[in-house]
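Peer 1: The lines below spell out each chain.
Protein chains: 2
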Amino acid sequence: MSSSKIIKLGFVGFGTVGQSTFIALQRNLCQIKKQIGCELEVVSVAVNDLEKKRDVNLGGVTLTNDPFEVVLDPNVDIVVELIGGTEIARELVSVAIANGKHVVTANKALIAIFGDEILLSAQNEKTLIRFEAAVAGSIPIVKALSESVRGNRIKAVVGIINGTCNFVLSEMATKHVSFASILGEAQRLGYAEADPSFDVMGTDAGHKLAILSAIAFGTKFQFDKIHVEGIQDILLEDIAYAKELGYQVKHLAIAVKTPGGLELRVHPALIPLDHILASVDGVVNGILVDGDLSGPLMLSGAGAGGDATASAVISDIIDVASAIYTGGIKARALRPEKLLDYPITSFTESVSGYYVRVEAKDKPGVLAEISRVLASFNVSIEAIQQKEARDVASAKVPIVILTGRMTERAIREVCEILASSDSIIGGVICYKVEDFQWAN
Amino acid sequence: MSSSKIIKLGFVGFGTVGQSTFIALQRNLCQIKKQIGCELEVVSVAVNDLEKKRDVNLGGVTLTNDPFEVVLDPNVDIVVELIGGTEIARELVSVAIANGKHVVTANKALIAIFGDEILLSAQNEKTLIRFEAAVAGSIPIVKALSESVRGNRIKAVVGIINGTCNFVLSEMATKHVSFASILGEAQRLGYAEADPSFDVMGTDAGHKLAILSAIAFGTKFQFDKIHVEGIQDILLEDIAYAKELGYQVKHLAIAVKTPGGLELRVHPALIPLDHILASVDGVVNGILVDGDLSGPLMLSGAGAGGDATASAVISDIIDVASAIYTGGIKARALRPEKLLDYPITSFTESVSGYYVRVEAKDKPGVLAEISRVLASFNVSIEAIQQKEARDVASAKVPIVILTGRMTERAIREVCEILASSDSIIGGVICYKVEDFQWAN
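Quick note, the sequences are listed as chains P and R, same order.
Add 6 to the 1-based position in the first sequence for our numbering, that's all there is to it.
Add 6 to the 1-based position in the second sequence for our numbering, that's all there is to it.
The hints are all genuine.
One copy or two, it doesn't matter: identical chains are merged, so the pair holds either way.
The calculated lysine-lysine pairs, modelled on BS3-like cross-linking and capped at a C-alpha distance of 30 Å, are:
#1 226 x 132
#2 161 x 14
#3 132 x 39
#4 367 x 249
#5 132 x 40
#6 132 x 14
#7 181 x 249
#8 11 x 132
#9 161 x 344
#10 39 x 344
#11 367 x 393
Just so you know, these hints were derived from the structure itself, not from any lab.
With these hints in hand, go ahead and build the complete structure from the sequences.
Peer 2: This is the structure:
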């Protein structure tokens, strides 16, 4: 690879993030040169549509609509992959690496699913791959995990890492409007995609957790082993009852080391109102890293958007350019060479308190019945409240329970027993209460 | 320097942080080797008292009470300076660099005051110097500023970076107990030094701000140009009145780029209760970085303590060891080679809203008089409240005012005029209200 004083970049993908990155790079080239000692130059850009009008002065950059031209261009040192998706992107990145290019990507799905294959081929070809922008926009969480807490044994990583989910839940909590209406608003504001299912059903947060957990614990990328739930079924009344009990409903991505292995789970959960993650509102992302030396470290900031993502992409470009320029290509690996292998524990074995809501017949003895069921599982009741019937005529009363710590397996049995009781009408609502007490 | 597979460390200083670092390194040597590909070994440690009993298994490490033995030891690749202070430490670091050693230090005063001289000599001798642990314990703020937001133009860095001040203010706000009593409690808990003046008068936060601002803006270390105020005069009643108005009193360290230059200031200020920095409580530190691309990024965590500081020291040791091992010694500089030179603006020209409290005679016309004074400076009044007299017999009533934005120079004139009024009894209390609106 070139070790000349000009490091050459080729972009594949030139949407919002690509253009923001390009513009910010042009503006700050001088500042970056002062810092790293070498120049950066964008030499080619692959776009989808050559004819499209863009508000970007491309100067002398070669435009092409064939992304393979960029990844095969002998002039290109670093390929900046911002095309998204896992099919063409996977091939492009693989060809780029095979041709000795370094790669910077913002593609979370690609790394979450094909990260092992990609990192291994980069290692074999002695090229660098960086993906800070794949998780949580401008928040430098990949660098923090791979470099700043490296002397720690990580206990847990807990993140609010999907801006759409967090925006929707924050708005439901403050404006008391249903999931569906807020989602519509989020789409109008550009905070949610036209097809939001990828976000609201938890897949996007799952991809990001696969990346965070692999870096934090030095394991494979294990997206397929993550338990993933979304926020699509959350009701306003549960957000309101949670708040009365001192909790906020958040969509969390959790990787925690337990004596039995690694728990990897994405789901809505109640967290205490005064917990630092409860203050992460709207489209902001926040990630808590708990290390044995560092204690809880919290990073928060813009989790999406062209400029915020560009901030991370550029930091990766500078990292790689620095390594090329200084000859330090054999730079610190993002994960250990020999990966660690923890068993992934089953979600049903994960332990926490639970929030349970049932609609009960308005008759004596229901509270006692619920208490007996939980007692038969040897689980304590932290709080139990009979709420006012929302509809007086219906003769249904909501009962809200906070349980002590128990397994998901046990709470599911409890919920089944309650659902089949004559005193309970309809389904049983149940969410984890996350107390951030790691059992390790 | 050695590029063999074992990188050798020499410690000078072996107090709380030194011992925590040593123990954590021993425990994690294997994990670190897997990550960076080379081994680390502590070969010598300089202590104050050779006879002192320590709960540390030193194995085969050479103990000495002459720190110069360590910095001159031809076996040592990296000197870990944890001795503190600026006199011997300065000489030790300088001798270490002159002898081609790399240096990792947690010494904030040393870097804040002699950083330029030290970084320049390291640059000349082609050795590395790192000081993540000098600011905010385990929070990776030096790395975030020097690497992760490098593509940004930084607008401002605002930190709660003195745990003692933050603990005292948090406790005053929640327990309604005076500065002096809380300080005593903090000393008993080990959160404050026997001589706390260095912390509570703002010097420590000033040292840290000198470091943060130099890295964020690529300037010299300019501790001597920072306006520094402490928290020693803050009264409970002002914390209470602030809260009634929707604000919390925090001790802030602020570096902000303005059209006129760089503002560098450390002082107590009112911040909105719902601002993210308001949730940084107790001994926790929090730092907000505002970049033009990233938007506001917040990092928070343990700002002090043996283990938290060791976490940062070890991340620096790994950074340097990686660079030695990969041959990338000419690694990215923490600041540009040619430093930037912004004028440091005078504190009296800094603009913000203000909280003003006076004790007025209980007679008509006082509110009108205050309003007239502010109007004569063309400053709006955001809120003005006459409080109940705390001592009915005294015929004094507290009046609390929130002003619109104005310069410190103007508010000082206002306060002088008010203090000399016949209607006002005693001194005038005045604090900045920080609205986090940067004028650039």
